[in-house]
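Going down the list, the sequences are from chains A and B. 132 is the number that my numbering gives to position 132 of the first sequence; each next residue is one higher, with no gaps. Just so we're on the same page, my numbering is the position in the second sequence counted from 1, plus 476.
One or more of the hints may lead you astray.
Label pairs and their in silico Cβ distance ranges [claimed, not checked]:
1) B:R593 x A:P128: 34 to 40 Å
2) A:A391 x B:R598: 54 to 60 Å
3) A:V380 x B:R593: 33 to 39 Å
4) B:Q603 x A:Y45: 53 to 59 Å
5) B:Q603 x A:V18: 38 to 44 Å
6) B:T610 x A:Q197: 51 to 57 Å
7) A:R193 x B:A775: 54 to 60 Å
8) A:Y45 x B:L605: 28 to 34 Å
9) A:A20 x B:A604: 55 to 61 Å
10) A:H371 x B:R593: 37 to 43 Å
Below, in silico cross-link-like pairs of lysine to aspartate or glutamate (EDC-like), each with a Cα-Cα straight-line distance of 20 Å or less [claimed, not checked]:
11) A:K419 x A:E31
12) A:K394 x A:E441
13) A:K42 x B:D587
14) A:K181 x B:E583
15) A:K42 x B:E583
Worth flagging that the hints you see were computed from the coordinates, not collected in a lab. Every residue, glycine too, gets a C-beta built ideally from N, C-alpha and C.
Okay, here's what each chain looks like letter by letter:
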Amino acid sequence: MGEAPEFFDEMQGFGGSVRAPYAGYEAWLREVSQKELLKKSKDAYDFFRRTGITFNVYGEAEADERLIPFDLVPRIISAQEWANLVRGIEQRVKAINAFLHDIYHRQEIIRAGRVPERLIRENDAFQPKMIGFDPPGGIYTHIVGVDLVRTGPNEFYVLEDNARTPSGVSYMLENRETMLKMFPELFSHIKVRSVQQYPTMLRRSLEQCAPMACDGRPTVAVLTPGIHNSAYFEHAFLADQMGVELVEGHDLRVADGRIAMRTTRGFEPVDVIYRRIDDDFLDPLNFRPDSLLGVAGILDIYRSGGITIANAPGTGIADDKAIYSYMPEIVEFYTGQKPILQNVPTWRCTEKDALAYVLDHLDELVVKEVHGSGGYGMLVGPAASRKEIAAFRKKLEARPGNYIAQPTLALSTVPVLTKSGLAPRHVDLRPFVLVSPAGVEVTPGGLTRVAMKKGSLVVNSSQGGGTKDTWVLKED
Amino acid sequence: MLGRTAAGLFWMARYLERAENMARLVEAGFRMALTRAESDTEEWGSVVTTAGCTHAYNEKYDAVRADKVIDFVLRDKANPGSVLEALHAARENARMTRTALTREVWEALNDAWMSVRDALRRQVSEQALPEVLTLIRQQGAQVRGAVAGTMLRNDIYDFAQIGTLVERADNTARILDTKYYVLLPSSASIGSSLDNVQWEMILRSASAERSFHWLNGGNMSPLAIADFLIFDPRLPRSLAFCYDMITEYLKRLEDEYGASAPSHELAVRQENQLTSLSIQRIFESGLHEFLTAFMGQNAAFSRQVEADYRFYE
Chain A
1 MGEAPEFFDE MQGFGGSVRA PYAGYEAWLR EVSQKELLKK SKDAYDFFRR TGITFNVYGE
61 AEADERLIPF DLVPRIISAQ EWANLVRGIE QRVKAINAFL HDIYHRQEII RAGRVPERLI
121 RENDAFQPKM IGFDPPGGIY THIVGVDLVR TGPNEFYVLE DNARTPSGVS YMLENRETML
181 KMFPELFSHI KVRSVQQYPT MLRRSLEQCA PMACDGRPTV AVLTPGIHNS AYFEHAFLAD
241 QMGVELVEGH DLRVADGRIA MRTTRGFEPV DVIYRRIDDD FLDPLNFRPD SLLGVAGILD
301 IYRSGGITIA NAPGTGIADD KAIYSYMPEI VEFYTGQKPI LQNVPTWRCT EKDALAYVLD
361 HLDELVVKEV HGSGGYGMLV GPAASRKEIA AFRKKLEARP GNYIAQPTLA LSTVPVLTKS
421 GLAPRHVDLR PFVLVSPAGV EVTPGGLTRV AMKKGSLVVN SSQGGGTKDT WVLKED
Chain B
477 MLGRTAAGLF WMARYLERAE NMARLVEAGF RMALTRAESD TEEWGSVVTT AGCTHAYNEK
537 YDAVRADKVI DFVLRDKANP GSVLEALHAA RENARMTRTA LTREVWEALN DAWMSVRDAL
597 RRQVSEQALP EVLTLIRQQG AQVRGAVAGT MLRNDIYDFA QIGTLVERAD NTARILDTKY
657 YVLLPSSASI GSSLDNVQWE MILRSASAER SFHWLNGGNM SPLAIADFLI FDPRLPRSLA
717 FCYDMITEYL KRLEDEYGAS APSHELAVRQ ENQLTSLSIQ RIFESGLHEF LTAFMGQNAA
777 FSRQVEADYR FYE
């Protein structure tokens, strides 16, 4: 490798010999020329372009569809590492569902003084209409994406929990398809766990949460805002892979106490909706009246047992960045155990001492908006100019409650292919978790996002980040 | 199937057919211009008329000029029927109904869109025109091939086919109507019957010149040309063929859905008319009148399909 790693590299450790999970891959790599790799990389690009695996970037002219850069060096996780992660993820996701149930019922955790009441009461993501309601199957978050980062051989942290509508699973699946197509020989030498069962599992877990009104096999549909949404490709992809309809709000309406979709044969009831639109837009009667994306009255049908909405409305309260800092308490409160996965230490800028510390150390910290996502509106201190820091300081001082801060983590790296050979780039990992009355299932793999720029810590696709195939080994 | 999906398939197919028809028109015009010594202004004018963009064209240009017409019909954004715009609309509809398409069909269409868009980024020079037109034709054929080879023969396929045929029938009727006057008996003086540029233009616009000569052994007469394009069930662009197939696909829909719909009646009426009429009778009562009525009924049929199968809210 051209550059000596100053961070933990998942292939090379802290320099020196190749780590065990990468041994097989590295042996293969030594036999392949750089030229050949670059050619494969070009093939992969053409493949993605042809398939139309794109995302739309908000606010760009021409509403152009862009490709997320794909890097063909896989990110490899050992069976043992994965087993530990899965235990931690299951624990956390169970706690999140218990927390949501509690918050919308007796609020024991607030009574116990473990989470401040104002954090719930004043939170836009809190959904008063969910109070006292039991979602079908008792599940709030059918689909969760837990964002993990790594800083050392055994140091994993949860960066955030995505409990609303986590996206990216189509890239997990298509990246694997691409790798299988381009490097079949690799998969015959190295035993990698399959991810292709995800759509079947997703459909099954959605069907297991059918509403009371459903008789027979539940009809599932994916609800998309439409072809201009940044994740439209994924919505179509998932509907297609599950073999269910992809609907838009104006395909649906309330009929006889059910939600029905307009088909060529008339209106047919839908039982479970996997919605990929935000709470605010779900129901113009109950939430934002100007929404053209949702279905008027769907929330009332939901509450009367006519439909299942996945994820349930109001789950955003659990992945709010302000709540995030309380996750260790939340996990312990509901599971009675210490959290297996660690949180990143977090300063809540609502707290006076914390704010003072953050203001003093802006050049070292990552400061995030509490309700932000997609890497918009955040400050990465070490990478920011003085001017940017000064501007951010003003915003922070004006509305401290809007921000949390975290230390800049020494994110692990995985090599990517560049024109001049392999070079380390920072990565994170989003495993996808399905929750049903039958239990929690974590697909072995996930979405590895990678900062394509040297030294950059921002992996978001909206900021130029790329993706990698993520391998979980069958055995070590 | 969702009504919106049926709408997407129907319009995807219509726009795809439109894109190809437009390219074919340009090809016919270009061919005429190359092989004829006399002025080609009239031929390019009829390309604009047949393409149905006279109004938009006149908004932009003062006079009919070959390069302007070619550019307008191939790639002008102000012309919603241009090859580029039609192909874009086809792809947007395909994107909307992706779950109903096989991967092969989607990839072929996406490929077609990307390669044609790249080829039409700039105004096409006379030199490059044949290559670009070939590309458009080939890309269209690839989509068609993917549809034929990979799609289930169910309602998805039926709606796409009906869309194709409705668009094609409209296009053929339009080609004839633009030049109906050269087919009238009184126009025999316009050119010799052996080498009539106008007649050839009609046949070429419908990609029917070779098959016409095959079947008619060189007997070029206005009656034979109109008969061929209107009544011959062997020609895949004739009106009779289109409505033969439309009723066929509607029959399949009826079997699958267990119910008929008002649009079926309209189609059968249209088909009956085409079998009961003869070319002589049409010429007697007026070719232009017949074609105008046909296009109106064709559009009414299309609207009825859209209503019957709940395409829109």
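message: Hint compliance check: list the failing hint numbers for this structure, sorted ascending.
response: 1, 2, 4, 5, 6 and 12
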